[in-house]
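Asks: Start from chain A and add chain B according to the hints.
Below, each chain spelled out in residue letters.
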Amino acid sequence: MRKGASWFNVTSLVLGFAFLYLPIVLLVIYSFNESRLVTVWGGFSTKWYVELLSNQQLLDAAWVTVRVAFFSATLATALGTLAAIVLARSGRFVGRTLFSGMVYAPLVMPEVILGLSLLLLFVAVDQARGFWTIMIAHTTFAMCYVAVVVQSRLAGFDRALEEAAQDLGCPPLRTFFSVTLPIILPGVIAGWMLAFTLSLDDLVIASFTTGPEATTLPMKIYSQVRLGVTPEINAVCTILVGLVTVIVVTASIVTKRQEVLKERDMRQAEAQA
Amino acid sequence: MAKKPIGPIRRDFAPWDDPQARPYIEFRNVTKKFGDFTAVDNLSLKIHEREFFALLGGSGCGKTTMMRMLAGFETPNAGEIFLDGQNLAGVPPHRRPVNMMFQSYALFPHMSVEANVAFGLKQEGMPRAEIAGRVEEMLSLVKLQDFAKRKPHQLSGGQRQRVALARSLAKKPKVLLLDEPLGALDRKLREETQFELTDLQQDLGMTFVIVTHDQEEAMTMADRIAVMDKGRIVQIATPSEIYEVPNSRFVADFIGDINLMECKVVARNGEMTKLHAPLFDCAIEVAQSVEAGIGETVWFAIRPEKVRISFDEPEGPANRLTGEVWDIGYLGDVSIYHTHIAEEETVRATVANRSRVVERPMSWEDKVWLSWDRDAGVVLTR
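Residue numbers (my numbering), protein chains in the order written: chain A, 1 to 273; chain B, 1 to 382.
Do not rely on the hints blindly, as some may be mistaken.
Computed footprint of chain B on chain A, listed as stretches where at least three residues anywhere in the stretch have a Cβ under 8 Å from a Cβ of chain B [unchecked claim]:
| # | region |
| --- | --- |
| 1 | 154-161 |
| 2 | 164-171 |
| 3 | 260-268 |
If you are wondering where the hints come from, they were derived from the structure by calculation, not from laboratory data.
None of these values were measured; they are calculated from a predicted model.
We put the beta carbon where it would ideally sit given N, CA and C, even for glycine.
Just chain A, with the same shape it has in the complex (with noise of 0.2 Å):
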């Protein structure tokens, strides 16, 4: 077999991370420019970052959004969690169909709708709209996708754990904290991390849920791009970029260390044997 990739294989790479990654290279590089205007390079600096740390607007838009992502992840990741345990052992109920339906439903249903049935819902039982309504609203749509995680990690799970926990004298609630959540863990830690992100970054919903006193900070670089984009929102979104890209990519260091230990533990075990 031929070692190294086809110049076509290099090409397709190439293109491809260009297409993905081009825009947000661009994004990045212009947040460190001199000149005011944002197409036209006027030498390195790092003032629109002090900048940054002076607009208290964009500022409090910032711990709004970092407030609602991480209520409506913790929330959404037990809703999903609980929701996945149901789908994933009790077998065949009555309407088993129609729940799993319902539960995957606002993955493909689109943000408007979504939004606007929200935004109708609150409407009608008389709730002001701000903080709690856009954290509800998150929770609702990304639970689902929770759900979908932590239903991929339970599907490896072996049932005869719970049994001989149960048989060794534990009760059934017991059980599920001290054997079944440590080992689906990782699902449940990489569903919340999932469930963050969408919340950090969701602007549709957000503006159909939000009042007067809520603004995230996608909402408010929205409406600051449409004065007229300035390289201040340059700098914000390198350091959104930048968190998410730091938050990936520990994640998935940490699983593969822990896989490449693991695999390594289990060859010595064998060979010691």
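Replies: What follows is chain B alone, placed relative to chain A:
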């Protein structure tokens, strides 16, 4: 660990022959259905205290379902299960005084060996110092003291099996259930472990119930074996009874290798029965009284190691056949001779290879005589 005879220790142990003995575990007319499939069919069974009891059968015979009902993971559709006089209906798994060793071992992957063994003791609320002592004791019992801090994935298959055993023994349960405990081990390790398990059961004085599809496993370890088929028990007896006096063609065929000949009863004379096997054109005399009447169809079953094979014609008119060696299976310790009788039929004879060189070895297409004693085979009526 060297093989050692285990018979003599248990020579006088036979509570099942005593009608006064109270069974420790009792299944009364238990039925379990999964949808349309009947896994266990109106089954009754008594297991005695300190007994090593094996449930033996092919896949889908209901043996695992029996064990899971005893552990509380399945609920019978009908019938009752008693343990030490207590009806187990409605008792959840975590309140039953039985522990189970799972086929997959089911070790908790996120806990160390130590924590796995301690898990059951913690649920009991045993004091910490006492737990440490018991864990130590259990790990030395299975010779894994040096592996206490390891995680299950850092152990070999055999070591994992021993952790699973230590964990299930840690609570000193009244009954230990073993689901195919040696299935995942290689042959040599399996043989060693069989003897270790028997010793352990003797030392601890617990009741062991083992589920297995491996007849050798059941024969070496168990005091009694229940052979199961399609949710019913076909025969319950000691290993030697099951082997030497099977009660049906199913059991005879399932346990070990056997030659079966369809026969007609020719004469009955007290303890002596005369048969005729039409396909073999063979007269058979058996030292056994048979319930079937003259002219009825029965089966004569004889183990290959009880058939003599020779070049010389044996004496007497009965219990002999002549044929041609068709195939020889050389297994090292023994050779199996497949002999063709009257075109279609085959009879197998096993011969121990006592010396390395044989003066006149039997070979393919040699004409040979097969013969056996009157008490070598059994007559089966079903």
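Asks: Now, for every hint given, state plainly whether the structure supports it.
Replies: Structure-based check of all given hints:
Counting residues of the region 154-161 of chain A whose CB falls under 8 Å from any CB of chain B gives 3; the rule of at least 3 is met. Look at the region 164-171 of chain A against chain B: 8 of its residues bring a Cβ nearer than 8 Å to a Cβ of that chain, three or more, so the hint holds. Chain B is given as covering the region 260-268 of chain A, and this holds because 4 residues of the stretch bring a CB closer than 8 Å to a CB of that chain, at least three being needed.
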